[in-house]
Amino acid sequence: MSRELLLQPLKELARLLERREVSSEELVRATIERTEAIERDLNSYITFLPEKALDEARARDRERARGEGKGPLHGIPISLKDVFDTAGVPSTAGARFLAGRLPSTDAEVARRLAHAGSVLMGKSNLNKFAGGESGENPDYGDMKNPWNLSFSPSGSSGGSAVQVATGMAALSMGSDNGGSVRNPASVCGIVGLKPTHGLISTEGMFPRAYSVDHAGTLTRTVEDAAIALEVLAGGDYVSGLARPVNGLRVGLARNLVRVGEPEVLRIFGDVVKKLTEVGFEIVDVELPSPEEMMPAMYAIFFCEWGVAHEPWMRSHPEEYDGGARAALLIPAADYLKAQQQRRLFQTRYAQALAKVDLLVSPTYPIVRREHRRLPVVAGRRFTLDDALRYTMPYDLMGLPAVSLTGGFAHPDAPVGFQLAGAAFQEGKVLQAAHAYERATDWHQRHPAI
Amino acid sequence: MRRREALASLLGAAALGAGTAEAQDLSPETVIQMMRTLAGLEPMPGEEAGVRAFLLSYRYAFPSDPGVEPASTFDPELRK
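In order, the protein sequences belong to chains A and B.
Its first residue numbered 1, the first sequence is counted upward by one per residue in the numbering used here.
Its first residue numbered 1, the second sequence is counted upward by one per residue in the numbering used here.
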């Protein structure tokens, strides 16, 4: 089975399975062969489950033969970022000291995907504890960007993005508490959807910071994201994708789109022009700046991180280097004040979204993410705040946002942009993203590996 | 007395949100005492340097707005 077939959208693979032009066993076997051929270069898995996947695939084929097809994910190879609990399968959160952790039950996400007939290929590598956007993991090794192995796929859901970009999975689940689904999607040339806070259950997802943790999808197309969201959250997200977008108003906070490598800003300018051509109306809006929002984000994030991880911070202090245990020293008053300020930010976002249907921005200000070194732009080395400036606000606000490819800075360097909307307006966000995707061919490019 | 001032009074140093000059007073011994007293953590050898760096980089100076009730459970839908 060809590499090209494995790089088809999930929807196309589902069609082939439905018509029995290919069996799930054939699809999974081909996926295993491809994974074994390229994984050594990419380091995208913590736990790869080829035998289990083949057993599951044969069971899915038997079900289909009995007329018990379960929908578009039936027989489709998927992966889970290793923050999602899987019964009887190591669930490490990217930390080797948790390698023996075998949950007794599946995370809700894993349960729903299994119930829909998908085939789990394995548990994806990530930044340890889902922290950071570097695509590094001191315990399980750096992840590599399939477009150029010298660079990072970003993170923290780096392994998931690599697998989807290379055809090792048609869908991977990630988590996002500052941009961890969308940033890897941006530099791997795929689609990363972070829905409204809570729309996809985080039950059984290894916690990072409760009120900013989101589960999200990584797919090769926007339509695939809509298909996955229907399984994960219920509801109808596919049928509205093709609705006309003429006249939809897209808000742009121009004064905030100043930070980024030049190619990112140039491509974003091209995206805005293309959106206009597609039929959207671009409207200037005012939003709180990331500089205003970051202190509140950190107060909330670190307090919740300290609470979520306190047992391990006490039992395994050596796993929390770099002063991470200082999270337990932030005053409760700061946490509550940050929650006050968060509500005020929500008001300002609501005011902007009362004028427009959607918001647009770059996703990730970096073209090629080096391991252990953020770029120097205009004489200044980027910080983590810079790297997360476009994605973090939607985690703090809990609003839905999707990243999709807006162009290429180099033939081996995709660059994403981000569309976001009001709470629970995933349908509109995906509709807009789908319209852009149909007007371009970026999603049809794949890494040469 | 604000918590920050209380901390300073307790520990003899400025703590969270301290200014640059005050930050110089956050000695390793003070950090170790804070970890033990406030969080019940026994510092690992050398850990105080990272904790100190975190505390000095952490800034949260938002003035409380008594009219805004902080959400105890975050709701992404803003309700009036």
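Read the hints as simulated data drawn from the structure, not as lab findings.
Incorrect hints may appear among the rest.
[Stated by the list, open to error] When the alpha-carbon atoms are kept at most 25 Å apart in a straight line, the in silico SDA-like pairs for lysine to any residue are as follows:
1) Lys355/A to Glu77/B
2) Lys11/A to Arg40/A
3) Lys428/A to Asp75/B
4) Lys273/A to Asp55/A
5) Lys355/A to Met44/B
6) Lys355/A to Asp75/B
Consistency of the hints with the structure:
no. : hint                : in the structure
1   : Lys355/A to Glu77/B : holds, 17 Å
2   : Lys11/A to Arg40/A  : violated, 28 Å
3   : Lys428/A to Asp75/B : holds, 20 Å
4   : Lys273/A to Asp55/A : violated, 49 Å
5   : Lys355/A to Met44/B : violated, 53 Å
6   : Lys355/A to Asp75/B : holds, 21 Å
In this structure, the hints that do not hold are numbers 2, 4, 5, in rising order.
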